[in-house]
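Residue numbers (the working numbering), protein chains in the order written: chain A, 33 to 360; chain B, 33 to 360.
Hints may contain errors.
If several chains are the same, the list does not tell them apart, and a pair holds so long as it fits within one copy or across any two.
[Said to hold, decoys possible] Okay, derived cross-link-like pairs now, DSS-like style, lysine-lysine, Cα gap no bigger than 30 angstroms in a straight line:
no.: 1; residue 1: Lys250; residue 2: Lys227
no.: 2; residue 1: Lys222; residue 2: Lys250
no.: 3; residue 1: Lys186; residue 2: Lys104
no.: 4; residue 1: Lys87; residue 2: Lys227
no.: 5; residue 1: Lys101; residue 2: Lys186
no.: 6; residue 1: Lys101; residue 2: Lys189
no.: 7; residue 1: Lys68; residue 2: Lys229
no.: 8; residue 1: Lys154; residue 2: Lys283
no.: 9; residue 1: Lys104; residue 2: Lys189
no.: 10; residue 1: Lys250; residue 2: Lys280
no.: 11; residue 1: Lys189; residue 2: Lys154
no.: 12; residue 1: Lys250; residue 2: Lys150
no.: 13; residue 1: Lys189; residue 2: Lys55
no.: 14; residue 1: Lys68; residue 2: Lys55
Read the hints as simulated data drawn from the structure, not as lab findings.
2 protein chains.
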Amino acid sequence: MKMGKEEVLVVDCSVRDGGLINKWYFSDEVVRNVFKAVNSSGIDYMEIGYRASEKMFPPEEYGPWRFSKDDKVREIIGETTLNTKLGVMVDIGRVEPEDFLPADESPLCFVRVATYLKDIEKAVALANLISEKGYEAFINIMAISTVNDFDLAKGLKLIDEETDVKAVTVVDSFGSLYEDNVVHLVELFKSNLNKKKVGFHGHNNLQLGFANTLVALKAGALFCDATITGIGRGAGNCPLELLLSAMKNPKFNIEPIFQVIQGTFNDLAKQIEWGYILPYMITGMLNEHPRVAIALRSSPQRDNCADFYRQLTTPECVEDMAGKKSGC
Amino acid sequence: MKMGKEEVLVVDCSVRDGGLINKWYFSDEVVRNVFKAVNSSGIDYMEIGYRASEKMFPPEEYGPWRFSKDDKVREIIGETTLNTKLGVMVDIGRVEPEDFLPADESPLCFVRVATYLKDIEKAVALANLISEKGYEAFINIMAISTVNDFDLAKGLKLIDEETDVKAVTVVDSFGSLYEDNVVHLVELFKSNLNKKKVGFHGHNNLQLGFANTLVALKAGALFCDATITGIGRGAGNCPLELLLSAMKNPKFNIEPIFQVIQGTFNDLAKQIEWGYILPYMITGMLNEHPRVAIALRSSPQRDNCADFYRQLTTPECVEDMAGKKSGC
Chain A
33 MKMGKEEVLV VDCSVRDGGL INKWYFSDEV VRNVFKAVNS SGIDYMEIGY
83 RASEKMFPPE EYGPWRFSKD DKVREIIGET TLNTKLGVMV DIGRVEPEDF
133 LPADESPLCF VRVATYLKDI EKAVALANLI SEKGYEAFIN IMAISTVNDF
183 DLAKGLKLID EETDVKAVTV VDSFGSLYED NVVHLVELFK SNLNKKKVGF
233 HGHNNLQLGF ANTLVALKAG ALFCDATITG IGRGAGNCPL ELLLSAMKNP
283 KFNIEPIFQV IQGTFNDLAK QIEWGYILPY MITGMLNEHP RVAIALRSSP
333 QRDNCADFYR QLTTPECVED MAGKKSGC
Chain B
33 MKMGKEEVLV VDCSVRDGGL INKWYFSDEV VRNVFKAVNS SGIDYMEIGY
83 RASEKMFPPE EYGPWRFSKD DKVREIIGET TLNTKLGVMV DIGRVEPEDF
133 LPADESPLCF VRVATYLKDI EKAVALANLI SEKGYEAFIN IMAISTVNDF
183 DLAKGLKLID EETDVKAVTV VDSFGSLYED NVVHLVELFK SNLNKKKVGF
233 HGHNNLQLGF ANTLVALKAG ALFCDATITG IGRGAGNCPL ELLLSAMKNP
283 KFNIEPIFQV IQGTFNDLAK QIEWGYILPY MITGMLNEHP RVAIALRSSP
333 QRDNCADFYR QLTTPECVED MAGKKSGC
């Protein structure tokens, strides 16, 4: 799929976003299988995990892909020839300058800064630090369904003027955007970003993760995020296999993705949960963070979607998530 | 959601389409729970099953909703006041005139004729028989992704001129339509149907069942089909809860739908399978009938999506579905 003259670039986030489900405790074998499939398929970018400071996150409480250390990434790559650019995501305030070597000493070549709009100045500073170290930098603006256009336009202009990022990504963290919202946001991003491209990261709470990604590309987004079988926290993401099937770009090969699903993801899906599940649909339709649905899914009331909906929509019950109290 | 002056009408097909999974062996309790939820939610139409001739389908081999006899429907309704119109679907050549009493002697008020385009003359005759008996008649054109526009336009004109049906429905049986296909088909239907409305029935093979339904409504469809949690053969359908949430029509109440999911569908989902499952994604992307994927899901190779894709896309292996032979 080419929109105008420029080719759409695909970012696989399977391990990074999937790790939000299991605290990044994926085995090396799983990560290597994902990497090999993504690399063989010709995907442009792969986000292999988060990078975070071990001072802020005790390593004994998280799997290796919370940190994605350079040496660990090298163990995964082994002797494989890279077709895909590898990178990591960072959160504002969860990483320090010394956590990054200069890019020419690292197997990584890009870093995406995840930020809320309120922290955009911090995101700009962090993105600039990353650019100075020689990495391609990106900014992902999370929880986009909760911000107003006026503040968003200001933030985008700041990024456009004060950074060298390659793209700024619309992140539908709550999975609550419809087609018209996506078109509006991509157009708002485009009109405030003269020198940067627009990306899109969907979630599947309303079964629109894939559909909204196609809408974003049609509206002019040039980067899009996807994960294998949609793996990701809560309802998950735009499935990579659907995106490749729709894009019909001859540079992509879908078969390695089917192979890693058959060989690895069928088992993963028995161990951890993601996808269209009613409590996540309900947080999506209500434009709420999925955390209350995640809590519900860990409780004995995990399947009680009607009770959950009533709790979330009954004002006096907002503190009583996950069925911890009755009487609502 | 109102498109222009006319209101969109919703058809629940949970029992009818869901019955394709389990040969319509739903208990009376399940069907009554679905009926009560749909009726309380203010859904416009509910297709409670198929109507078929017992001469052609041995009753001992099918559940009751293959036949949906008038007395059986009355048992489900009981003393409930009807907000929702009840009806059935019929297949060409699988029902006889004597299988329908005059509408004023039946609890049903509509009948939908499911047809392939090649049988459109038969569908017209059957729809006219149904209209003459006093029912609202509809025609659903199945496997729409396999027909050419020229033949389709001829068929639509025939329906427009020679029947009294209320709507003609675009049925994406293979779940392979994208947005542009949906817009094209709805426009083709509209331009060839001067006196009838257009309907849309999506399938979820590409996670577009709901998104395509919204596209169809935007393009001018005025009837749309949905099922609770998307229950239906293979990848299933547009989920009713998503549609109600998006439509925001005050006449609909979503809570009874959440209640029947919590009370009935969570258990059903443990007994029978539907939804976004890779073999159905693959038949959707290849514009194939889901029957080969259904066969695969009953075999020991049920999760081998990569092998399945290779078989379907390797010419000499087209007869070797469901892993019955190796060597492809």
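Structure-based check of each hint:
1. With identical chains, the CA atoms of Lys250 and Lys227 are at most 30 angstroms apart within one copy only, with a shortest distance of 19 angstroms there and 34 angstroms across copies.
2. When the C-alpha separation of Lys222 and Lys250 is checked against a cutoff of 30 angstroms, the pair qualifies both within a copy, at 13 angstroms, and between copies, at 25 angstroms.
3. When the C-alpha separation of Lys186 and Lys104 is checked against a cutoff of 30 angstroms, the pair qualifies neither within a copy, at 39 angstroms, nor between copies, at 63 angstroms.
4. In the homo-oligomer, the alpha carbons of Lys87 and Lys227 never lie at most 30 angstroms apart, since the shortest distance is 36 angstroms inside one protomer and 71 angstroms across protomers.
5. Taking the shortest alpha-carbon separations for Lys101 and Lys186, neither the intra-copy value of 34 angstroms nor the inter-copy value of 64 angstroms comes in at or below 30 angstroms.
6. Taking identical chains as interchangeable, the C-alpha atoms of Lys101 and Lys189 are never at most 30 angstroms apart, the minima being 33 angstroms within one chain and 65 angstroms between chains.
7. When the C-alpha separation of Lys68 and Lys229 is checked against a cutoff of 30 angstroms, the pair qualifies only within one copy, where the shortest distance is 27 angstroms, while the shortest distance between copies is 50 angstroms.
8. In this homomeric assembly, Lys154 and Lys283 never come within 30 angstroms of each other (Cα to Cα): the closest approach is 37 angstroms inside a single copy and 47 angstroms across copies.
9. Proximity of Lys104 to Lys189 under the C-alpha cut-off of 30 angstroms is found in neither arrangement, the shortest distances being 37 angstroms within a copy and 65 angstroms between copies.
10. Taking the shortest Cα distances, Lys250 and Lys280 sit within 30 angstroms of each other both inside one copy (15 angstroms) and across copies (26 angstroms).
11. Proximity of Lys189 to Lys154 under the C-alpha cut-off of 30 angstroms is restricted to the intra-copy arrangement: shortest distance 15 angstroms within a copy versus 62 angstroms between copies.
12. Taking CA atoms no more than 30 angstroms apart as the test, Lys250 paired with Lys150 passes inside one copy only; the shortest distance there is 28 angstroms, against 35 angstroms between copies.
13. For a Cα distance limit of 30 angstroms, the shortest separation of Lys189 from Lys55 qualifies neither inside one copy, at 34 angstroms, nor across copies, at 59 angstroms.
14. Taking the shortest alpha-carbon separations for Lys68 and Lys55, only the intra-copy value of 22 angstroms comes in at or below 30 angstroms, while the best inter-copy value is 42 angstroms.
When the structure is compared with the earlier hints, violations turn up for hints 3, 4, 5, 6, 8, 9 and 13 and for no others.
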